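Build the full structure now, drawing on both the sequences and the hints.
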Amino acid sequence: MVRLKTLKAQISHDVFRLFGTYIFGVTSISMLLAVYGIFFYQQEEFKHYKALVSTRLDSEISASFRQANDLAHSPEVWTGLTDSSGRGSYLLPLLEKANQHKNYKFDLLDYLGRFFIQSDNTAGLLLDTPANIQKTIEDSQTHLELVTIDQSDYLTVSVPVTANFTDSTIGMVLLQLDLDRIMATLNFPDDLEVNYSLIPFVQDASALSKHSEAFKFKWTDAGHDYAIHIQLQQSYLSAFLFVMTGLAVSLAFGGLLFIRLRRWTRQFSERTTQRLDDLVQLASDTVQGRSNQSLMDNSGDEISKVSTALQSMLQKQRIATQKQAVFSRVFETAAEAILITNKQGLVMDVNAALTDMTGYTKEELVNQPAGRLYIKDEIGIDLPTIAESVRRHGAWRGETYFLSKQKTQLPVLLSVSTLLDADGMSQGHVSVFSDIRAIRDAEKRLKDLLNEDQLTGLPNYRGFLEYIQSKGAGANFAILFIDLDNFKNINDTFGHDQGDEVIRQIAQHLKTELPAGNFLCRRSGDEFIAVLDVHQPITDFQEKLKQVFKSAVFTVNHMGTVHITATFSAGAALFPDHSQSIHELLIYADTALLSAKESGRNQIKWLNAQMMTATSRKTKVDSKLAVAIREGRIHPHYQPEVDLLTGKIIGFEALARWHDEELGMVSPAEFIPLAEQSGAIDPLTQSLFGQVVKDSHTIRNYFPDAKIALNSSPQLLSGKRLLTILSHLAAEHENGLEGFVLEITETDFSISQGELASQLQAIMGLGVRIAIDDFGKSYSSLSRLASMPIQKLKIDMSFTAGMQREENIKIISGILALARSLQLETTAEGVENQFQQDTLISLGCQQAQGYFYSKPLKLQQLIALPTHLVPTKACEAAF
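Each residue of the sequence shown is one higher than the last, beginning at 601 in our numbering.
Keep in mind that the hints were calculated from the coordinates and are not lab data. Take every hint as true, because none was put in to throw you off.
Quick list of in silico lysine-lysine cross-link-like pairs, DSBU-like style, CA-CA up to 35 Å:
hint	residue 1	residue 2
1	Lys1146	Lys1071
2	Lys650	Lys702
3	Lys1005	Lys923
4	Lys1218	Lys1458
5	Lys1248	Lys1458
6	Lys1071	Lys1197
Cβ pair distances, simulated, as ranges:
hint	residue 1	residue 2	range
7	Ser1358	Ala1214	33 to 43 Å
8	Glu813	Ser659	18 to 28 Å
9	Leu946	His993	16 to 26 Å
As the structure is a prediction and not an experimental result, all values here were calculated from the model. Don't be surprised by glycine CBs; every beta carbon is placed ideally from N, CA and C.
Right, here's the structure in full:
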């Protein structure tokens, strides 16, 4: 207890001494700062007051002196002062007008200083005539006087009145400025006194309790200088009371703080000595190996850190013992094989899993080189390689092979780590092995599954790629694309289950019929790829394959056994004759297959120069298309549409044209399908439509009434992409898309009737007319046609070209009759000679377009055309 009191006394003494010093210093500094602040504040305030007083007086005195001078020089005042009768009738209104200002007033005096006109302003001054009036009488000059009336300070100014007809003073204008009223407008503090004098102020002893400042206010009027002395005074008492109040509050809070500090020092000293006693107890428990969780100190200060360190030492000792027991148990029961070696590479210990895996006993391995477990050939990674990696990096992990006692190969996942002592020096290595034989078997099975077609048991396309990569560079083989003709009919007739059965039978048939040593895989659906080694002249080989691709009979179960006769189409390309690139060979074989189908199916086609040329060109067109669209190399050409009876140009059809430096002219039939396949049709359409709309301004300068037709891909109706493109174009132009015609083909009707009608109505809302292009070329439903919002039909050029046949004339006549019944315009396409024109006129067709009138023209050529086309002259101009 003596120690506790001593510690408390030390803490209290040090804290109170520090606190007393702090209170004295803070109080002294606060007083000094407060006194200085009061003085400095009043100094600044008085500067402000003086500026306000000077500004206000300058304004009032200037205005009042100017008005006094105006009265002193007024002819009316001269006349009134010299006239004995009737002067009140005009002088009183003059004074009333002058005395409207509340801060100063005017009176008129005669030359002896008597009030010449009695007014409300003279009452206070009659008691004691200011001295300045007598001075003005004596010297005829303006004089000032300060007077006090009813405790209000006035500045009186006597201004002599002189006239042109005499040198003597004929009267005076008496100006009275109410200085207190003027100062009241400045809203000064109540304790601020303002005194006025015509002579300088003298400080006396009574002014020491006040802050006092005097200054001289000067002004000039009519060439004369005037001045009054002004004194500002304010008591220090209010500021002193404020400071003393603040000091008293501060001392009160200091007292409360002292009481709280005294209580805190007592509690702190008791709490600290108790914690030191607990620390001693904890140290004793640590030495004796006991654990006492109740003595844990979590306050975070120095004593807490010492307590935590002692507790941590005890915990680490306990954990180390527990870990040693756990590690021993884990080592023996681990499923992975564990091998511990010393610095010399000798086995120090192994666990049961390793002896079970290798067939060795623990005694057979301990003190033996660990290298006896490793395979030293190309199958596994040898021991020196692993040792070098561990030496450099401290660890190694990877797959290798072990040898069991029976000399069998064991695939393992090996992890080797260096054992380090407390100084970081190597003491040996620990190796952990995982038997991955099951994983290897699963990977092999998975690989087989990945490369195998589940329906036919043949390799799939992935398996084909692996097989083809294994072929040597000097190999000579053919790649065949094989496709079952009209397989869709089998699925539609017998169902997909029986279709799958046919696929399985086809796979077995092809595998049997193809030459020995073939590789056959299923690509997808009813498509197969065969790789056949060529060991004989190519002509003999081709002839041999013709026998393979003959009709075959397959059976399906559909209400009994049904026999199906099937045929094959195939396309073939040779390695390395046609190409050494597998990717190109696949394209070539696919091209040859397409040629076989287009040639009537049930045959094999071998790649030839014409196919290679077509494929090469298609590839180049595809590769250049995106750049051509982006750089605007695809331009619109315009083909006129004429009135058959007059030859007048009534419209133009915009047609896409692309000229490439390498490819030459690229037909729309080449690049439009590629654009649709690659997704480039949207930017292509947007680019062409934008160019056409821009050209339309020039075209209509020469052909004001001409309609301009735009062609659209059927794909753009999906997702309303066409409507979006046209809406953006319409928004960018003042007149929208008035005067434009959108041409769609009958194939566009493959979307639902309601969706098509809705989109066409929306497009018509932009000012665009709708026309059906190539009418009659494809199947169309007349009921749907009648319900569609269209205004025009364009007869397909195939009917115009075949007008020598009577049936084509009948078809054209029927189309014209249908158009008349639906009140639709009709234009015949592809008119190329006089016979076709005359026949169309005789059938009642009114509009046509074709090379007989003009080929598609560039914009510069188009504007050179006449408004009416005579076919022979039009052809000469166009060609």
